[in-house]
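S.K.: Residue-level listing of the chains:
2 protein chains.
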Amino acid sequence: MPNYTAYAAMTLDGKIAREEQEFVDWTSKEDADHYQASLKKHDVIIVGNNTYQTAIENLSRRNCIVLTRRVTSPERENERLVWFNAEHDDLDAYVREQGYVGPAIIGGSKVYAALFGLIDHLYLTIEPLVFGSGIPLTDGRQIGTAMKLASLKQLNEQGTLLLHYVKAEKKDIP
Amino acid sequence: MPNYTAYAAMTLDGKIAREEQEFVDWTSKEDADHYQASLKKHDVIIVGNNTYQTAIENLSRRNCIVLTRRVTSPERENERLVWFNAEHDDLDAYVREQGYVGPAIIGGSKVYAALFGLIDHLYLTIEPLVFGSGIPLTDGRQIGTAMKLASLKQLNEQGTLLLHYVKAEKKDIP
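So the sequences go chain by chain: P and A. Quick note: the first sequence uses numbering that gives the first Met the number 0, first residue 0, plus one each step. Quick note: the second sequence uses numbering that gives the first Met the number 0, first residue 0, plus one each step.
Worth flagging that the hints you see were computed from the coordinates, not collected in a lab. Hints may contain errors.
The calculated DSS-like cross-link candidates involving lysine-lysine, where the alpha carbons are at most 30 angstroms apart (straight line), are [as the list claims (entries may be wrong)]:
(1) A:LYS166 x P:LYS152
(2) A:LYS28 x P:LYS40
(3) P:LYS152 x A:LYS28
(4) P:LYS40 x P:LYS166
(5) P:LYS147 x P:LYS28
(6) P:LYS166 x A:LYS147
(7) A:LYS28 x P:LYS147
(8) P:LYS28 x P:LYS40
(9) P:LYS28 x A:LYS166
(10) P:LYS109 x A:LYS109
(11) P:LYS166 x A:LYS152
(12) A:LYS152 x P:LYS152
(13) P:LYS166 x A:LYS166
Work out the full structure, taking the sequences as your base and the hints as a guide.
M.R.: In structure tokens:
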């Protein structure tokens with residue numbers, strides 16, 4: 000059974016970018032190092048097309064399932080890249096079919112929101128910055144999932160935090 | 000000089016409510032206790048009208064400056080409550096004039112965003128929940144403030160975190 004891990008970095012006011020398709024250059028070096036080292040542990044990356052385009056140089060070297068509405072069934076672009084419409088096909092079934100065991104989900108907002116139900120582990124970095132306005136971590140239908148904090152680590156002196164959450168036992172949230 | 004402290008509780012995806020004017024009943028008991036105990040330390044509460052209305056029973060017992068566009072100059076409703084238009088008048092000047100030394104800023108989104116520049120201390124509670132959609136911690140113009148983590152505390156077993164941030168030395172953020 001595949002084990003889904005999501006990675007996200009946000010400001011303390013819950014923003015992952017100032018605007019759509021912004022290249023992430025505002026996170027700390029410590030977070031960038033953690034993120035790049037972590038991605039190597041996964042056999043496939045699941046990513047929305049906007050996010051993919053902002054990091055294409057890096058991501059084109061990895062197996063990627065890129066979510067887009069432009070296809071109606073999975074379309075393989077090359078050895079590494081598949082376009083996939085998660086509203087049309089069952090992503091989890093596809094991941095199993097392909098034999099992937101450790102997918103990483105790396106956003107953006109709509110992807111985190113749409114796939115939250117699948118996530119077993121979430122590594123959430125909180126940078127001690129405030130954007131005020133911008134793109135939220137999640138943007139989608141209401142979810143109402145409870146997680147549990149498994150561990151936390153302060154990455155630097157300003158106070159960048161790396162929080163590791165795991166799916167909580169199913170329970171109603173108030 | 001007044002020392003401004005903001006309090007906020009959000010889900011791990013940065014939401015302070017599922018919808019406008021929702022009464023906050025989804026935070027942990029530990030956070031609710033911390034919040035109620037903390038408010039008592041402040042000589043005045045600065046709050047947006049929507050948030051004020053959701054907690055009026057509790058807040059009507061305290062000195063409140065309630066932000067609203069419905070007035071053009073400060074209007075005193077009673078001994079405790081003043082209506083104030085922060086787009087029209089200088090809130091910090093008013094606070095000083097009134098002799099308040101420790102205002103608490105308690106939201107919502109637009110108030111946090113509009114007043115972030117004033118905040119010396121921020122106590123941010125992160126509940127291990129995901130709402131997916133909802134009201135963000137900040138909603139306003141772009142800010143770009145750097146803070147510094149002063150301390151953190153885990154409040155319960157699920158992993159509710161209480162983060163204490165202070166204003167960072169002025170510096171450009173990337």
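S.K.: A separate judgement is required for each hint: does it hold in the structure or not?
M.R.: Hints and how they fare:
1. Pair hint LYS166 of chain A plus LYS152 of chain P holds up; C-alpha atoms about 21 angstroms apart against a cutoff of 30 angstroms.
2. Of the supplied pair hints, the one linking LYS28 of chain A and LYS40 of chain P is violated, its CA atoms being roughly 38 angstroms apart against a limit of 30 angstroms.
3. Taken as a hint, the LYS152 of chain P and LYS28 of chain A pair is honoured in the structure, with Cα atoms around 24 angstroms apart against an allowance of 30 angstroms.
4. A threshold of 30 angstroms between alpha carbons decides the hint, and for LYS40 of chain P with LYS166 of chain P the separation of about 20 angstroms falls inside it, so the pair holds.
5. Pair hint LYS147 of chain P plus LYS28 of chain P holds up; C-alpha atoms about 27 angstroms apart against a cutoff of 30 angstroms.
6. Of the pairs offered as hints, the one joining LYS166 of chain P and LYS147 of chain A holds, with about 29 angstroms between alpha carbons and a cut-off of 30 angstroms not exceeded.
7. Among the hinted pairs, LYS28 of chain A with LYS147 of chain P is consistent with the structure: their alpha-carbon atoms are about 16 angstroms apart, no more than 30 angstroms.
8. Pair hint LYS28 of chain P plus LYS40 of chain P holds up; C-alpha atoms about 19 angstroms apart against a cutoff of 30 angstroms.
9. Proximity of LYS28 of chain P to LYS166 of chain A is assessed by CA-CA distance (about 21 angstroms); at most 30 angstroms being required, the pair is judged to hold.
10. Distance check on the hinted pair: LYS109 of chain P and LYS109 of chain A sit about 23 angstroms apart at the alpha-carbon level, within 30 angstroms; holds.
11. At roughly 21 angstroms between alpha-carbon atoms, LYS166 of chain P and LYS152 of chain A fall within 30 angstroms of each other, so this suggested pair holds.
12. A hinted pair counts as satisfied when its Cα atoms are at most 30 angstroms apart, and LYS152 of chain A with LYS152 of chain P qualifies at roughly 12 angstroms.
13. Straight-line distance between C-alpha atoms of LYS166 of chain P and LYS166 of chain A comes to about 33 angstroms, which puts the hinted pair past the 30 angstroms bound.
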